[in-house]
Amino acid sequence: MAEIVIKNVRKEFGDFVAVKESSFTIEDGEFFMLLGPSGCGKTTTLRMIAGLELPTSGEIYLDGEEISQRPPSERDIAFVFQMFALYPHMNVRGNISYPLKSQGMPRAAIKEKVAEVSKILGIEDILDRPVGGLSGGDRQRVALGRAIVREPKAFMMDEPLGALDAEFREHMAEELRALHDRMGATTVYVTHDQLEAMQMGDKIVVMNNAVVEQFGTPQEIYDKPATMFVADFIGSPSMNFLPFHGQVGRDATEVSLHGAHFHIPHTREPFEGDMALGVRPEHIQLSDSAPYRAKVLAAEYLGTTQIVTLKTADGEVKARIPSHKTVTAGETLGLEFDAATITLFDRQTGRALKSELNEGVLHG
Amino acid sequence: MADVSLENVSKSFGKTVAVDDITMDISDGSFVVLLGPTGAGKTTTLRLISGLEKLDGGRIHIAGRDVGVETPAQRDVAMVFQQYSLYPHLTVRDNLAFPLRSPILKTPEDQIAKRVKQIAEVLQIPHKLDNKATELSGGEMQRVSIGRALVRDPAIYLMDEPLSSLDAKLRADLRVELKRIHADLGSTLLYVTHDQIEAMTMASHVGVLEEGRLVQYGTPKEIYEDPSSVYVASRLGLPRINILPASLFPGSHKAPQIGLRPENIRQGDGIDATVVRAEHLGDQTRLHLELQGHAITTLTDPHTEYEPNETIKITPENPLYFDASGARIV
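If you're matching them up, the sequences are chains A and B in order.
For our numbering, count along the first sequence from 1 and bump the result up by 34.
Numbering-wise, our numbering puts 88 at position 107 of the second sequence, and it's gapless, one number per residue.
Treat the hints with caution; some may be incorrect.
[Unchecked claim] Below, a sample of chain A positions facing chain B; criterion: calculated Cβ distance under 7 angstroms: (1) Pro252; (2) Gln253; (3) Tyr256; (4) Glu316; (5) Gln319; (6) Glu334; (7) Tyr335; (8) Thr338; (9) Thr343.
It is worth saying that the hints were derived from the structure and are not from the lab.
We put the beta carbon where it would ideally sit given N, CA and C, even for glycine.
Sequences and hints are given; from them, build the entire structure.
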């Protein structure tokens, strides 16, 4: 059981800054996601928590104790790597019991512990099999078993599902999350897959270019993105950005694009310059009469919904609408937006402008 | 462009039957997607049409011609593979022109230049024509490798998971592009994938393969709404359809199995189910429920809060029914 506090942590490799001053708290028992594109600093952050890298500056606390400069062996954290490294000459039981043997645990206690762990993972029937012939899923379960058996304070996982095909990945994601719910151990999980992060995480840290862009629950990050990067990275299709130039007051309730007026959540800060109106695909309605016109380029059937790509005077837009509505490529329609869900961004910095929608979430 | 037809086509490798008696028509101008998991026979079917594998039984016609004894080159097909294979020392222009410079085709240079320019525009890479292939991003490289097939005007384009090595965003963009290219060129296309999103969004017709057999062939809408079996119903739709004993729901059909898509579960009345977990995916929330020991997934409003172990009432809406073997009854 563990609470992990990251405080102003920074990591440099020579001239290269991998992680800029970052702070966040991982609460006891959370399934916590570090999400971002490759090279954003998420794996380095994970490795610093585990002690595989030491921070250049800043502190890391595990249950209130500072551990920033301690070696991995003194941290009581288990690391599960992307590729499941198992000992090929040992059977499943040998692989799982190895960490306990090397701790000098008595044989009877080991036996009991391995039985308990293999029951949690549903691999009791393969304990005496060599690891060589196991399926991908079973190999993964054995690797997890080896991490769990030590009962560490926390688990670090670096894209553990990265190498699996889509269908199996979905299945293992559910299994991992269910395992976490049964054991309740703090887990920090690195991924570049936004859907995986949304699906499995209690909290998400979104990183980009060595910086924490946002930190919150999946729904919060989706509904109230702090930056254009987050809005674009989370969600599929991602948020639409309609660029415009203008000004808004401290308590503005609408903006206009090419003469069409759009209601927005009450703004909480004045701004003048280049902005973008951000609207999610499912918050766009197509109507015959709306003044903001768009031409249908394509419609993609997805079962209950469809994604319609439209061309507006301000660029391409994707809308998600029920599939029973018929739209034809080439026709011109009007667009309406759900006013309460709109976010305005400063296009220069990518920062979301404060409004009644997001004021509780944004800081600074 | 031409009609392609398969008639009782079969292929085995040793004792493994890879393709089992497939009969299928790919009509001129259609975009047909073969969908199935690894090992279902998708790629083998494609390779049989292209002539890279030899038929064990059955016949393949391209534009009315029996192509059984023809070589791949004689069949007039163009293939795109999963891994892009470009000539790294050539520019994008020369990579695109390469298939047209083949000694068999003897295309005049001015025609080649015209065609390369046209295809570059379709692919939206005209500004990259003079770049070396190695100077491109992954998405651009895959577009060029698709382009290398498109410069020719074959009877049919055969594509084997061309998008699977790309990241999610790029895949979404290229899906729309491929569909647009298909519409612009009016070409006939057979596309193999295990990705249901690609099948649903791009295909005019989907062929679902199961262990070498073609188990259903129809428009994406027909396959989604009117699947012939549990297997087919499970191929399309995310989250996947819930397959449960029909007896769980009082008053339902006497069939052994009931199939409920996540959107076909109404909340508020009916029988008690226990909330296991809510997954917030942003635009939708997946609600994992337990009903008398059975796991059920449904969708719910993103902004409703559910606590684990909470009890809610659910009732089926427009369910599908299947017999014990998985065949559709109603």
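We went through each hint and held it up to the structure:
With a cut of 7 angstroms, the hint placing Pro252 (chain A) at the interface with chain B holds, because the nearest CB-to-CB distance is about 5 angstroms. Residue-level restraint check for Gln253 (chain A) holds (minimum Cβ-Cβ distance to chain B is 4 angstroms; threshold 7 angstroms). Satisfaction of the interface hint for Tyr256 (chain A) is found here, the shortest Cβ-Cβ separation to chain B being roughly 3 angstroms, below the 7 angstroms cut-off. Hint status for Glu316 (chain A): holds, given a least beta-carbon distance of 5 angstroms to chain B, under 7 angstroms.
Hint status for Gln319 (chain A) relative to chain B: violated, with the closest Cβ pair at about 14 angstroms, above 7 angstroms. For Glu334 (chain A), the suggested interface contact is upheld, since its CB lies about 4 angstroms from the closest CB of chain B, less than 7 angstroms. For Tyr335 (chain A), the suggested interface contact is upheld, since its CB lies about 5 angstroms from the closest CB of chain B, less than 7 angstroms. Taken as an interface hint, Thr338 (chain A) checks out: its beta carbon lies about 5 angstroms from the nearest beta carbon of chain B, inside 7 angstroms.
Checking Thr343 (chain A) against chain B by beta carbon gives a least distance of about 6 angstroms; that is within 7 angstroms, so the hint holds.
Consistency with the previously given hints fails for number 5 only.
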